[in-house]
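Visitor: This is what each chain is made of:
Number of protein chains: 2
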Amino acid sequence: MSDSPWKTAADRRSEREEKRIAVLRTAAQAFNELGYHATSLDDIARRLNVTKPTIYYYVKNKEEILFECVRIGLEMLDSASNDVTGHGGSAYDELVAVMITYVDIVTIDFGMCVIRVGEEPLTEDSRRTLRGLKRRIDLKFRSLIERGIAEGSIVPCDPKIAAFTLSGALSWVARWYSPDGDLDPAEIARQSIALLLNGLRPRPDMG
Amino acid sequence: MSDSPWKTAADRRSEREEKRIAVLRTAAQAFNELGYHATSLDDIARRLNVTKPTIYYYVKNKEEILFECVRIGLEMLDSASNDVTGHGGSAYDELVAVMITYVDIVTIDFGMCVIRVGEEPLTEDSRRTLRGLKRRIDLKFRSLIERGIAEGSIVPCDPKIAAFTLSGALSWVARWYSPDGDLDPAEIARQSIALLLNGLRPRPDMG
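Those protein sequence lines, which keep their order, are chains B and Z. Take the first sequence: its position 181, counting from 1, is numbered 181 in UniProt numbering, and each next residue is one higher. Take the second sequence: its position 164, counting from 1, is numbered 164 in UniProt numbering, and each next residue is one higher.
Chain B extracted, bound-state conformation:
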């Protein structure tokens, strides 16, 4: 910010974007708690201490809000895998890192909204766009698993089924995890991922 009491156009733009994100985040929280259909724009306005017309200054309607919430959540999940790749670790190590971040993301706001609400209530066009993003995330899981199988760090398996099994188990956390419950998301991630890596059947190589 400059010292001038008049805001620059850039200041105004970033302030508007910040407020828009606050509207979307509050909406995501309401959708996750109450369900999409049970949440009204009035509920969202009330949580932000503003009026409904203020909300309309930032978004067109409830459908646009959900589309943006799911899109942002999916972009976060997608970039989670970008952050860990190319550090020279094994595909197994990279996959573990992606899984940890995945649980992190699906237990809050936008990520949780991807799983709890998803694209189902939207128009076919919007659903197609969001399904395209989902496919990208799925393909990254698959290619990590393929690389792991090739290098021997991951057990031979069908990468497609394995990718869906992993993302299913981790996505499900968003359904049952409660921020008021007695389990901490980091502990859930640790145990759930350990089970997926080591299996339910005791290993002779572990204590």
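What the hints contain is simulated information worked out from the structure, not anything from laboratory work. The structure presented is a predicted model; accordingly, all values stated were derived computationally and were not measured.
Restraint ranges, calculated between C-beta atoms of paired labels, are given here:
| hint | chain 1 | residue 1 | chain 2 | residue 2 | range |
| --- | --- | --- | --- | --- | --- |
| 1 | Z | D93 | B | P156 | 19 to 27 Å |
| 2 | Z | R16 | B | S143 | 51 to 59 Å |
| 3 | Z | P204 | B | S143 | 22 to 30 Å |
| 4 | B | P179 | Z | S79 | 28 to 36 Å |
Glycine included, every Cβ here is placed at the ideal spot set by N, Cα and C.
Given chain B, put chain Z in place with the hints provided.
Guide: Relative to chain B, chain Z alone:
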């Protein structure tokens, strides 16, 4: 059925029940394909070659249909675990059998509707009833895991997190599985369950 051309009251009751189940099953298929909100009673009537008033003879409204579809799906999942218990096998063996049946159920009609649609669109009262059924299924998974840990057939873990991880992975199959796809549900179940039992990390005891 008796030889008399006049149906008995019992015949009429069972015929009515059979037709009611056909209405529910067709509705579940439509919900799974198109989504709950995008499916109208007209769509369901059209698939059955009947008129909408005929549908109303068997069910009150779309909410009742969804409630019944999810309730039947959950009852099927619940009784899956009753069928395998008490045969003297290890908890691990019982859990494997429950998991196989679980995937079977969530890849068709009512079971798929539990996962793809679920209770979210319903009233708080209905949601509470269905959540109670879900809890019962979850507790059965947990107690099998607890027994397995105690007898050494299952790796030491938090039974709550493990139960959610397993049911999450297997429930997710209902989301991505396509009856027109190239993967057979039995093959999906086999591979997905093998991964959950043995883990992603190669085992020294396996080839």
